[in-house]
Amino acid sequence: MIRRVDPSAARQALAHRLRVVGAALLGPGLPHRDDDPIHDAAAVLRGLIDHVRSETTPAKLWLLRLAVAGRMATASEVRALRRRLEISTSLETSLWLLEESLADSSSVSATRAIELVQHGVVVDVDHTARHDLHTGIQQVIRRTMPLWAAKHDVTFAAWTDDGSGLRALSAAERARVVDWHKPEYEPPRVAHRRAGDTAGLIVPWDSVVVLPDVAMPTALAPLAALAEFSGNRVVAVGYDCIPVVSADLVPVGGASRFASYLGVVKHLRRVAAISSSAATEFQGFVDALPAQGLTGPEIVECQLPAGSGTTAGARAGATGPTVLVVGSFEPRKNHLAILFAAETLWREGLRFDLVLIGGMGWGDAVPRLVSRLRRVGRPVIMRHRVDDASLREAYASARFTVFPSLHEGYGLPVVESLAAGVPAITSNFGSLAEIASGGGIVTIDPRDDVALTDAMRQLLIDDALLARLRAQIAGRPSRTWSDYADDLWRGLVAPERQVLASDARHPEPVP
Amino acid sequence: MSPATLTAGSADGFLRWANHRSEAIRRARSARLRVLLGALAVPPAQTTETLVAQLRERLANPSADELWLALAVLTATLPGPSAVERAMRSCRLDGPLAAFDEALHARSLAGYLRHRRDLELSEVVVLTGEVVVDLHNTASTTITTGIQRVARETAKRWQRTHAPVFVAWHPRRAALVRLTQHETAGEAPAIGVATQSPGADRAVLVPWRCTYVLPELMAELPRVAALQGLFRYSGSTSAAIGYDCVPLMVPETVASDAVVNGFAAMLAGLSHADRIATISEAAAVEYRGWRRMLAGAGLTGPHIAAVPLPVHADRPTRTTLEQARARFLTDELPMVLAVGSHEPRKNHLAVLHAARLAWRDGVRFGLAFIGGAGWGADTFRREVEELQGAGHPVEVHADVADDQLWAAYALARCTLFPSLDEGFGLPIAESLACGTPVITSNYGSTLELAAGGGALLVDPRDDHDIARAIERLVTDDRLHAVLRKQALVRHDRTWDQYAEAAWDYLVLGKVRPSDDVRRTLAAIPGTRV
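Just so you know, the sequences run in chain order A and B. Position in the first sequence (from 1) plus 79 gives the number in the working numbering. Position in the second sequence (from 1) plus 25 gives the number in the working numbering.
Since the hints were derived computationally from the structure, they do not count as laboratory data. Fair warning: there could be bad hints in the mix.
Said to hold, decoys possible - Derived, one-sided and incomplete: chain B residues facing chain A with beta-carbon distance under 8 Å:
1. Arg114
2. Pro272
3. Leu273
4. Glu277
5. Gly314
6. Met318
7. Asp356
Said to hold, decoys possible - So the derived label-pair ranges between C-beta atoms look like this:
8. Glu148(B) <-> Ala444(A): 31 to 37 Å
9. Leu513(B) <-> Arg584(A): 52 to 58 Å
10. Arg185(B) <-> Thr135(A): 57 to 63 Å
11. Arg537(B) <-> Thr214(A): 47 to 53 Å
12. Asp501(B) <-> Asp232(A): 54 to 60 Å
13. His328(B) <-> Thr214(A): 52 to 58 Å
14. His328(B) <-> Glu165(A): 46 to 52 Å
15. Arg584(A) <-> Gly416(B): 45 to 51 Å
16. Glu377(A) <-> His328(B): 44 to 50 Å
Note that the structure is a prediction, hence the values are computed from the model and not measured. All C-beta atoms in this analysis are idealised placements derived from N, C-alpha and C, irrespective of residue type, glycine included.
Sequences are here, hints too, so could you generate the full structure?
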């Protein structure tokens with residue numbers, strides 16, 4: 080649907096955008112403002128093109144393209160502009176640029192304002208700001224960003240609905256990111272405001288751009304170009320590469336989306352992985368890049384916190400102790416193995432309740448099996464939407480938790496279990512093994528049904544073992560979200576600010 | 026309290042399955058029981074009841090492998106990992122017969138089968154200790170691009186020297202059937218087309234403790250699950266040829282999400298393979314990077330070694346040369362040849378711009394593109410039209426037969442191929458084999474090929490670098506002569522040598538680092554071995 084552009088508004092907006100960019104690039108060379116926006120735009124554009132032609136850098140090309148189009152450029156658009164500049168006069172290039180922008184910009188881009196954020200830190204929290212979802216990634220952001228906001232000068236940003244570029248957050252969106260854990264916070268009743276339509280763009284310039292969140296599909300191409308060309312130091316938090324490493328364990332389509340995200344990663348400066356295992360995954364990807372002549376980001380490790388906690392002791396359930404399983408219902412979480420182990424133990428005569436709590440994942444094998452078990456009288460229940468209080472209650476009642484996931488970037492259910500002082504059974508490789516090494520956790524090969532059954536049996540009958548594990552949990556080194564937020568800033572943002580600062584002092588000679 | 030029956034099947038149900046009222050079906054099922062028992066080293070008895078009892082006893086405490094074999098033979102379909110896991114659990118809880126009964130009536134299976142009679146009557150043959158080569162894609166297509174050509178040339182030679190069992194996939198389900206000699210040579214109609222008389226079907230093959238070789242791509246999801254099961258539970262050694270990881274590493278240049286998803290599914294299967302022979306050291310770098318990523322899933326992945334493809338060209342005839350001269354050359358201008366489809370990865374926009382810069386500097390040459398449309402080619406077409414409109418000597422040729430292509434290489438001053446990411450770089454190899462120098466990318470597989478001589482290297486992301494190389498090769502006769510000589514004296518391997526080296530590694534597990542390989546390794550920046 081093509082909305083008619085208001086020509087006057089478009090002219091004004093173009094002139095304004097060019098002026099903003101002109102101020103940054105031309106300094107005192109910026110032409111005096113002409114009252115007629117067309118003349119003004121023409122003069123500034125001419126000045127900019129001449130300047131970029133004489134001192135061509137990828138960053139300036141990127142910024143110029145953005146100024147004219149009113150949206151962030153893609154890599155092919157930046158390359159096309161570079162080539163056009165080499166073979167055409169300034170006038171021809173002006174006309175070509177304006178034509179290109181008119182051809183594919185929406186009416187919204189034509190009228191968009193822009194604002195540069197220079198020498199700053201811009202954090203893209205698009206998904207967390209716009210949704211009330213609270214899974215792994217959102218939890219990390221909602222714990223870390225308030226701490227960053229308190230200590231550092233950061234600019235939070237989301238994306239416009241049409242993927243044109245970054246924009247500022249509304250008050251409700253900002254609250255969703257930094258106020259979530261405040262006692263007085265209440266999620267807004269109305270669905271997230273469609274702020275995307277007319278908001279002005281935030282344009283990072285000589286800044287660090289941090290990507291800790293899930294990216295919108297339409298944002299991936301402009302993000303890749305931002306990373307490759309814009310001169311900003313773009314960095315990310317690396318959670319895992321599950322959709323491409325374990326494509327058979329995710330819904331169809333997950334792999335292509337994630338591969339597009341990796342297309343951004345390969346142009347990043349730095350990735351802070353949340354575990355050693357995640358670091359290895361991203362490092363493997365970087366290892367493959369020389370085959371296409373790229374070096375890729377530096378991979379550093381910033382381990383998420385895995386706290387410790389104590390419990391007053393599990394309260395017995397209806398038939399006996401409670402075994403708790405927390406995790407979304409999808410093949411990767413390996414619920415079928417747990418159900419098989421539980422049935423084996425029930426047949427041996429052991430008495431315990433099995434409680435499964437998790438968000439709706441995908442696949443129906445687990446719900447069907449649970450129904451069958453219940454029909455023959457097994458004490459197993461499945462719960463989906465569970466509020467924080469109920470979840471805490473569930474942990475408080477549990478003798479131990481089971482989380483034999485086949486692939487994790489971290490493993491928040493295990494961390495939650497530890498925080499509640501509840502011993503856990505989990506997998507003996509990857510990030511889960513890393514968490515387990517701190518104590519209080521029994522690890523097994525999740526692909527080995529016998530090992531899992533044995534471990535569950537042990538924890539059901541061996542009170543001394545359970546006591547030992549609880550003691551280990553209490554003795555675990557405690558690492559807080561504050562520790563993580565500081566580590567993340569130090570590992571991900573500070574080094575890049577250094578680079579920008581020293582680049583500013585010693586600018587590279589222009590080719 | 027009696028144990029709950031969790032399994033959606035029972036021993037009685039299995040007995041009823043074995044004693045089907047139709048005699049033809051009953052016979053077919055008895056045959057399968059005998060085949061299964063034979064493969065499990067149990068001399069099969071006479072009656073159905075005894076056969077079932079023998080099975081129950083033999084598989085009272087089965088390994089996952091043995092369950093896989095049982096499911097494969099009884100259902101005449103190769104089970105995926107989740108089917109094997111389910112059977113294992115059902116077997117442990119309620120015994121093997123209940124597990125088989127459950128598997129035979131599984132919803133997915135029924136859906137797939139729609140109770141087709143041909144499946145019911147399919148003969149099942151267990152292959153033990155054989156080398157099985159999967160030629161499904163190659164046998165069902167007449168395309169002769171890269172991967173099919175490699176699979177065909179290799180299969181042809183293996184047929185001669187080692188006579189393995191060539192297989193393809195049943196058109197309607199996840200099962201393997203034997204390919205005839207004709208089909209293997211690509212001379213028969215597509216395997217997907219119904220061949221013999223209705224009702225009769227080929228025997229279904231179950232590879233047990235074999236060596237399974239996949240020299241092509243597999244991307245259809247049902248096949249992936251079956252292959253995963255085969256890799257993990259058939260007791261076989263599994264090996265594949267690895268071409269490149271483009272959909273994962275350069276997804277922005279791939280036409281569709283479906284391609285990326287199919288590729289990721291294939292990688293998920295290959296994570297359980299034993300060996301991958303990549304077609305270049307650069308492809309090995311990509312696969313090893315992927316393998317490192319598997320650690321997060323607790324998998325070690327396959328052994329990976331490079332078995333580089335051969336470099337080969339046909340000699341054009343005089344007639345073909347004359348025709349090609351008329352078709353591809355403009356006036357008396359030296360011809361710069363760009364071969365490849367017009368897709369972003371081949372970097373043709375850079376070729377056009379570099380040519381523009383060179384023409385602007387007064388270098389005189391014609392630019393000829395040979396290749397199909399690819400995708401994302403609109404900008405390319407517009408640029409070509411603009412250049413032609415301005416009078417520049419550039420032509421785009423599609424539908425060029427192989428013999429004309431060899432002629433084009435022979436007639437060209439040089440071949441220009443600044444691709445961004447290649448598994449091998451076939452046009453480079455072909456051009457060099459014709460003695461025509463090349464300009465190509467200074468990293469990856471094209472660098473490997475260049476190391477053998479005859480090439481000028483450029484940064485494909487730098488248009489000016491490419492333009493300079495064009496100028497040098499077009500105007501500097503001495504340089505051209507030197508590179509041409511280098512190309513002509515290259516010692517590249519032949520298809521015969523490749524087929525043998527591939528067999529040695531994939532089937533016998535022999536790794537052969539040679540001097541060539543070591544020198545090439547040293548030449549690739551950032552390579553980890």
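Right, here's what the structure says about each hint:
no.: 1; hint: Arg114; verdict: 4 Å, holds
no.: 2; hint: Pro272; verdict: 7 Å, holds
no.: 3; hint: Leu273; verdict: 6 Å, holds
no.: 4; hint: Glu277; verdict: 5 Å, holds
no.: 5; hint: Gly314; verdict: 3 Å, holds
no.: 6; hint: Met318; verdict: 4 Å, holds
no.: 7; hint: Asp356; verdict: 24 Å, violated
no.: 8; hint: Glu148(B) <-> Ala444(A): 31 to 37 Å; verdict: 32 Å, holds
no.: 9; hint: Leu513(B) <-> Arg584(A): 52 to 58 Å; verdict: 54 Å, holds
no.: 10; hint: Arg185(B) <-> Thr135(A): 57 to 63 Å; verdict: 58 Å, holds
no.: 11; hint: Arg537(B) <-> Thr214(A): 47 to 53 Å; verdict: 49 Å, holds
no.: 12; hint: Asp501(B) <-> Asp232(A): 54 to 60 Å; verdict: 57 Å, holds
no.: 13; hint: His328(B) <-> Thr214(A): 52 to 58 Å; verdict: 37 Å, violated
no.: 14; hint: His328(B) <-> Glu165(A): 46 to 52 Å; verdict: 48 Å, holds
no.: 15; hint: Arg584(A) <-> Gly416(B): 45 to 51 Å; verdict: 50 Å, holds
no.: 16; hint: Glu377(A) <-> His328(B): 44 to 50 Å; verdict: 29 Å, violated
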